[in-house]
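K.L.:
Sequence:
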Amino acid sequence: MSAAAGEVAPLDVVGSGILPPVSVRVRRVFGLLERLAPVVGSRWAVELWCTPPVLESSLRMPPGVSPGRPVEAYWDGHRVAGEEWGQGQEPPVYLIHGWGGQRPHLAVFVTPLVQAGYRVIAFDLPSHNESDPGALAPGRTTAIECAHAIAAMIETHGPAHAVVAHSLGANATALAAAQGAPVGRLVFLAPMGDYPLYLDLFAARHGFGRRIRRGLHRRLEKRIGMTLEDTNMTRIGRRADYPPMLVIHDPDDPDSPYAASERLARSWRGARLFTTQGLGRLAHYRILRHRPAIRAGVDFIGPHPADAIAESPSTT
1 MSAAAGEVAP LDVVGSGILP PVSVRVRRVF GLLERLAPVV GSRWAVELWC
51 TPPVLESSLR MPPGVSPGRP VEAYWDGHRV AGEEWGQGQE PPVYLIHGWG
101 GQRPHLAVFV TPLVQAGYRV IAFDLPSHNE SDPGALAPGR TTAIECAHAI
151 AAMIETHGPA HAVVAHSLGA NATALAAAQG APVGRLVFLA PMGDYPLYLD
201 LFAARHGFGR RIRRGLHRRL EKRIGMTLED TNMTRIGRRA DYPPMLVIHD
251 PDDPDSPYAA SERLARSWRG ARLFTTQGLG RLAHYRILRH RPAIRAGVDF
301 IGPHPADAIA ESPSTT
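As numbered in full-length UniProt numbering, the sequence shown has no gaps in its residue numbers, which increase by one up to the final residue, 316.
Mixed in with the good hints there might be a few duds.
To be verified - Restraint-style ranges between C-beta atoms, simulated for each label pair: (1) R28 - G64: 44 to 54 Å; (2) Q277 - L32: 35 to 45 Å; (3) E47 - Q87: 35 to 45 Å.
By construction, these hints were calculated from the structure, which means they are not laboratory data. The C-beta atom is built at its ideal place from N, Cα and C for all residues, glycine as well.
Turn these sequences into a full structure, and let the hints guide you.
P.N.:
Below is the structure:
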């Protein structure tokens, strides 16, 4: 059953089982730091927050998708690595993975989009797979750096007809759009809609309380140069008219609250919500291989504009 309108879905501390578990020792140390040294605890917490997990999920291309042609872009000297498929004309479609992911995670979209006439580009976010880290130490990044990488790839390889993005990749795409990147139509799968909610989940999983959480909040805002509230996709959507959006989410998702996607669909003008059903505790990642979700995303993107013009009846 989905959460009632406006209600915040309860956070699942255990999560899907794909995120690596937090050790008992780490939780105990955070518990001590919460009581005795919250400043030290918040310093440690912010570094852990900015470290993408190593996900125990397949990073191979799906059947029928051969390796693409290498592509790259740069922002502030940092390399963003990716691949492209298809010989379609501009504008391309970009595929953007989530936190801890890699470009193969969205590769099920490659074949149908190439068949629809698009050039398709998938790439790794900073400190993920083959892409360079940003200003932070190797293995660490932020949603803001991910937004810069998305904007750089679009600037280098052409304005998007559409962007398909998962989880934090959706949040970073919304931030890139707010900064002026031409993102085109948006297909967001299980997006991170209300960012501060994840502070609560992070604190619960790591075993610390309000004192460290407050310090983590302050340090994160200093690191990214903006308030966490301003990274909320619902808030971004109210600021201006952005392209049409399809949000795809499953109420079973324990890693990203479905209620946040309901609020996002209401707040972002022109947005629609497509609800999948019954994907279980692995819903956050199963949705990336769920045929109805993929079909809904491809249908929302539609045929390549050049093909649509060619097939339309001539006017006199």
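K.L.:
So, for every hint listed, does it hold in this structure?
P.N.:
For each hint, the structure was consulted:
Between R28 and G64 the beta carbon distance is about 48 Å. The supplied range of 44 to 54 Å therefore holds. Range check, Q277 to L32: about 43 Å between beta-carbon atoms, so the 35 to 45 Å window is met. As the Cβ distance of E47 to Q87 is approximately 44 Å, the hint placing it in 35 to 45 Å holds.
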